[in-house]
Amino acid sequence: MMQLLTEHLSSRRTARHTLNTADIPSKLTASRATVYLQYDEVPPHPGDCWTRFVCISDTHSHKYVVPPGDVLLHSGDLCSYGALDTLTPTMEWLMTLSHPMKIIIAGNHDLCLDEKFRKGGGYDSSFDTLPAEDIDSARALVRSEAVRAAGIHYLEHESFQFTTQSGRRWKVFGSPSAPRYAIGSFQYDRRAQAEEIYNQIPADTEILLTHTPPYMVLDRTKRGKHAGCEYLEDRLAQLSSCRLHVFGHIHEAYGAAISEEPAEKGEVDIQRVSVNAALAWGGQPVIVDIMN
Numbered sequence: 001m002m003q004l005l006t007e008h009l010s011s012r013r014t015a016r017h018t019l020n021t022a023d024i025p026s027k028l029t030a031s032r033a034t035v036y037l038q039y040d041e042v043p044p045h046p047g048d049c050w051t052r053f054v055c056i057s058d059t060h061s062h063k064y065v066v067p068p069g070d071v072l073l074h075s076g077d078l079c080s081y082g083a084l085d086t087l088t089p090t091m092e093w094l095m096t097l098s099h100p101m102k103i104i105i106a107g108n109h110d111l112c113l114d115e116k117f118r119k120g121g122g123y124d125s126s127f128d129t130l131p132a133e134d135i136d137s138a139r140a141l142v143r144s145e146a147v148r149a150a151g152i153h154y155l156e157h158e159s160f161q162f163t164t165q166s167g168r169r170w171k172v173f174g175s176p177s178a179p180r181y182a183i184g185s186f187q188y189d190r191r192a193q194a195e196e197i198y199n200q201i202p203a204d205t206e207i208l209l210t211h212t213p214p215y216m217v218l219d220r221t222k223r224g225k226h227a228g229c230e231y232l233e234d235r236l237a238q239l240s241s242c243r244l245h246v247f248g249h250i251h252e253a254y255g256a257a258i259s260e261e262p263a264e265k266g267e268v269d270i271q272r273v274s275v276n277a278a279l280a281w282g283g284q285p286v287i288v289d290i291m292n
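Sequence positions in the sequence shown follow full-length UniProt numbering and run 1 to 292.
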């Protein structure tokens with residue numbers, strides 16, 4: 001039943017890949033943000049005036065050593081090949097992590113979380129789909145009482161607000177979608193579909209989780225193509241409150257960038273951290289410290 005789907009998703013992972021870490025800076029700094037990409041020891045927390053976000057993505061049912069922080073952000077591809085039995089170990093692992101707040105989304109590998117893959121749901125008649133009970137179980141799992149008790153919040157085209165232990169309240173939006181590539185979950189084909197998805201992002205969103213990168217931001221494939229979403233790039237230009245955007249999907253484009261634009265007179269300059277946190281090729285969890 002899952003064979004055709006898993007063959008398509010696994011075809012990109014038959015060869016082992018590793019990042020060229022020589023091209024990745026160990027640290028990025030700005031006036032109100034610090035990013036750590038390569039580290040032997042976890043840098044000290046900068047204090048109560050800052051929030052430490054630990055960013056990961058594309059873990060594909062593998063477990064990683066994750067440094068502590070105030071907030072864990074996971075930008076999708078929780079599963080290896082989309083079956084329920086590859087989601088469960090990931091959720092069990094995430095529940096063991098010490099972060100008081102953990103916010104997660106799905107990605108294109110997380111078939112069991114996408115209603116379109118429900119058997120009889122009319123996805124694509126040329127491909128098998130998943131049993132309805134697997135879809136129900138997966139979607140119940142990520143929103144279960146046990147998962148919530150562990151501080152995990154699953155977002156699917158929705159907003160969420162939380163307050164850190166230091167008292168800072170953050171506004172988050174999460175979306176699992178990405179442009180169509182082969183057979184995968186939560187994908188869209190047309191710009192109109194992307195507009196419908198990303199226009200849901202509230203204007204005052206401060207932390208954004210998407211599975212796809214925006215176009216031209218940490219989205220270059222090993223073949224040199226920019227694979228990010230063009231409409232997401234346009235939408236981000238309208239989100240002046242967004243301080244941190246975390247994504248993954250393009251494994252080889254792991255990294256981070258800090259952009260800063262001058263604000264109107266009398267206002268604070270717009271400073272945004274963008275993180276491709278895909279761990280599949282060997283990157284470390286990205287630590288992002290943001291001034292409250």
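Calculated from the structure, these hints are not laboratory results. Check the hints yourself; a few may be wrong.
Stated by the list, open to error - The list that follows gives simulated cross-link-like pairs (lysine-lysine, DSBU-like), each with its CA atoms no further than 35 Å apart:
no.	residue 1	residue 2
1	K222	K171
2	K63	K171
3	K116	K27
inquiry  = Next pair to validate is K222 with K171; report whether the Cα-Cα distance is within 35 Å.
reply    = Holds, at roughly 34 Å.
query = Has the given pair, K116 with K27, been kept, meaning a C-alpha gap of at most 35 Å?
reply = Cα-Cα ~40 Å, so violated.
task = Verify the proposed pairing of K63 with K171, using a straight-line Cα cut of 35 Å.
result = Satisfied, since the Cα-Cα distance of roughly 28 Å is no more than 35 Å.
Comparing the model with each numbered hint stated earlier shows that hint 3 is the single one that does not hold.
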